[in-house]
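Asks: Spelled out, the chains give:
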Amino acid sequence: MAKIEIDGKSLEVDDGIMVIQAADQAGIYIPRFCYHEKLSVAANCRMCMVDIEKAPKALPACATPVTDGMVVRTHSERAVDAQKGTMEFLLINHPLDCPICDQGGECPLQDQALGYGADVSRFTEKKRVVEDKDIGPLIQTAMTRCIHCTRCVRFGQEIAGIMELGAVGRGEHMEIATYVGKTVDSELSGNMIDLCPVGALTSKPYRYSARVWELKSHSAISPHDCIGANMHIQTLRNVVKRVLPRDNEAVNQCWLADRDRFSYDSVNSEERLVSPLLKSTDHYEVTDWKVALDRVARELRKVISEHGADAVGGLISPTCSSEEHFLFQKLLRSLGCGNIDHRLKQRDFSDDPDAALYPGSQIPLEAVDSLESIFLVGSNVRKEQPLLGLRIRSANRVGANVYALNSLDYDFNFTLEEKSIVPPVEMPGALARVASVLASEQGVAIPASVSAWANTVALRPEFDMIARGLLKNPDKAGIVLGDSAALNPRASVLRGIANWIHENFGIGRIDLAQGNSAGAWLAGSVPHRGTRGGVAQVTGINALEMIESPRRAYVLYGIDADVDVIEGTRLTAALAGADFVVSLSAFKNDTMNKADVALPICPFTESSGTYVNLEGRAQLSNAAVPPLGEARPGWKVLRVLGNHLGVEGFDYIDIDDVRSELSFRDIEDAPLFQSHTIVEPDESDRVGSGTAFQRIVDVPPYRIDSYVRRAPSLQATNDNPIKPFVSMNPKQFSEFGLRNGITMNVVAEDGNGVTLEVRADARVPENCVYVPYGYIESIPLGGARQVAVEEV
Amino acid sequence: MNALTKFLKDYSLIELLKGMRVTGGNLFAKKITVYYPEEKTPKSPRFRGLHALRRYPNGEERCIACKLCEAVCPALAITIDSTEREDGTRRTTRYDIDLFKCIYCGFCEEACPVDSIVLTDIHEFHFEEAGKHVIDKSHLLELGDQYEQQIAQARREDAPYR
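Residue numbers (our numbering), protein chains in the order written: chain P, 24 to 815; chain A, 2 to 163.
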């Protein structure tokens, strides 16, 4: 501890912290531009000059460590003189365009110019002008405004992990720019907008649409990933104008992923469904809620009385709030139907009885920063869960070893200590190999099923490296199962082996899932379990079975039935053949064409709800704007539909009633994972079966749900290929004499095929092809595990 | 002495004559009555009447949608929506002034960084239909175009005193 004095206030602060940090702790204001508590110290703006006793001149507070007995004055003549001098220099080249600048009103330079700036400029020479750069669809630049604080550069280097912006040139000619012609493609790029202390980097979708002083803030939770990022939705006259992060050290710190920040674009889009629609022969008629709900109730009752309640299937999007999941399953279960599922892309449900309470993490998000080894299994964590990726990166920066077992050699923003890239079919075997190395190192007996899986793949040196790395400090190790692991045809085996590793070696587990999956599980939005993991009143069949054995009636909630499910073609066929289909959605979509009734529900910006993140943290999101048109919050629609159907227990007055019935109070203490039976491999799991290509799938980050797919700004990013493609290892690519950009037929085992552009992609292992999910064009391939690539 | 003075004042009708002198003076003085609306009193160049949006001489509208007038308006009479125009400039898509709410304080003109919104010296206006008291951007620009010379003249006259 060091005893210091700032502005006459005696403080006792930690040794080695900077003066600015000590001042911040004591609530003493020191002006600054380049200093940011999450970034390294650059000390290049020189705004935080303070007067330190015994120092020959004013010193920058952000780069001066405290020493015992230091006496600091922030408002002495020398300090103020230095600050005013700095401000005069900063304002030399800064344009006076505050009235049209989007930063105006929340601009540190504007505020501090008021405090430290002179009335008139003494500078009469030519001002410098810097050409604006087009750095992508999310960030608008006005580089003449830049004061070279390099916060954006340091953010890229330190937090996002890719240095996309850098300083080019020196002195007067210094410019912040990307590498020639490149865009900023980081999944966290929006944070640079927040960091920029001037209007040099502003939000492109928000550009010129409002001024900050007229916006109202509403606290909300991001529905897109399982982190549950806290955010402010800002509105003007009941229109969502922008989304900003809300600081929460335990969850998102002060960051927000681009997906959370820019997905609001979709809720203002033309594609919103704004009134209930009834299908009559070939077109839709706008109707009112009463007629529509009566029709739904009548038709559902009819199907149930004729074919039994099992003839109904309910599919719900994992991005919905926990209350919606709860009422959805309660409604269907009250009708005697247990066919409820939110796991729309999952292929392997065989571990349902053993499944965890919810897909989650035993390691709190904050503790991820201090893990020493992290093992990614089937996860592109950087794009799937950007805010977790950021924490893994920060762990990696202080020495954590990150290992990956993936089917695609993803480009991470941290360095991998060791990686193993295997086709999807070899994933369980490879993980079993790692498990068996762990077992032999520790002298633990290995179950027969795990060794049977281990025998399906050849031993590779990477497996040893990974296992030894994990064993260095198992208490500080984590095994992350990502999207591709959950989409794997043998996902249950991956989960089983991960669980076995966890139980025997104490390595923590982190299961990643889409959206509010944890909330969905806890609400009972799965066919085999009730609310909070309890016994279900009625059990039923899972999403894949609902597609494979068509139902007589479908209730679709918040999904685009073609792209959101694994077997889009078959589900659309099933919908066409069904007696009755009702689609509750915030958007107009192709599903509507198959639905007899389409009901407009509110997106996350218009409805209150609880979202549970991977730690089991239930967070409340508030409605920011009133419902658009005739759309109504989903929980209200389900409640009234319950009344129309005449089922008991649907007399909620407000959402708090629903929330108190669905209590999340005791979930933190409940054991998350449980022992797992691991099925033995069969013929289809042997490597090299069949001659076709192994198909690798994942869902690109901006194709995951109905919101991001309709956000024009996100759709225009480089992370989001406009059309699906088929990519192949460059070696095989040239062996087959292919060229980038030509089209080929990709044919699934069942004969369904699509014509896609081919690309060479070094990330793809040999004998595999990569075709992403989430595109209309790739739907016919469904969940095919193997595909043939043929000439058109 | 006082009694004597009072007596003389009362009986010489001096007070009455004093009053009659004022009356007489006004009777023959130049008349200041103005036959409104045929005749009008002169107005200060600072007179604050009906609003107008001005343009630059090249025809480009001045307003840049900074919304400072909206923010400063004490009566919340101004409503602005803004967007990026095709040429990349910041422009309004809506500029409404509710003339019933407006208190003609002139703060909007003071706040405007580009001298776009101005209060003209037009004080005689009326509305014939309900709802017409909210004047929109096209109307305001029309007023600006129509009275530009007057507006510019008034600003020129006032300039030395600002």
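I should point out that these hints are in silico values taken from the structure, not numbers from a laboratory. Keep in mind that a hint or two might mislead.
[What the hints assert, rightly or not] Some but not every residue of chain A turned toward chain P, in silico, with C-beta under 10 Å:
{"no.": "1", "residue": "ALA72"}
{"no.": "2", "residue": "THR80"}
{"no.": "3", "residue": "SER83"}
{"no.": "4", "residue": "THR84"}
{"no.": "5", "residue": "GLU85"}
{"no.": "6", "residue": "THR90"}
[As the list claims (entries may be wrong)] Label pairs and their in silico Cβ distance ranges:
{"no.": "7", "chain 1": "P", "residue 1": "GLY194", "chain 2": "A", "residue 2": "PRO46", "range": "40 to 50 Å"}
{"no.": "8", "chain 1": "P", "residue 1": "LYS149", "chain 2": "A", "residue 2": "PRO58", "range": "49 to 59 Å"}
{"no.": "9", "chain 1": "A", "residue 1": "GLY89", "chain 2": "P", "residue 2": "GLU129", "range": "19 to 29 Å"}
Idealized CB from N, CA, C, for every residue including glycine.
Asks: All hints are to be evaluated individually against the structure, with a verdict given for each.
Replies: Hint check results:
1. ALA72: ALA72 of chain A check passes; min Cβ-Cβ to chain P is 6 Å, inside 10 Å.
2. THR80: Check passed: Cβ of THR80 of chain A comes within 8 Å of chain P, closer than 10 Å.
3. SER83: 5 Å, holds
4. THR84: Since chain P brings a Cβ to about 6 Å from THR84 of chain A, closer than 10 Å, the hint holds.
5. GLU85: Holds: closest Cβ of chain P sits about 5 Å from GLU85 of chain A, inside 10 Å.
6. THR90: At about 8 Å, which falls below the 10 Å cut-off, the nearest Cβ of chain P leaves the hint on THR90 of chain A intact, so it holds.
7. P:GLY194 - A:PRO46: 40 to 50 Å: 49 Å, holds
8. P:LYS149 - A:PRO58: 49 to 59 Å: 26 Å, violated
9. A:GLY89 - P:GLU129: 19 to 29 Å: Taking Cβ atoms as reference, GLY89 of chain A and GLU129 of chain P lie about 22 Å apart, which means the hint holds.
Going through the hint list in order, the structure does not satisfy hint 8, though it satisfies all others.
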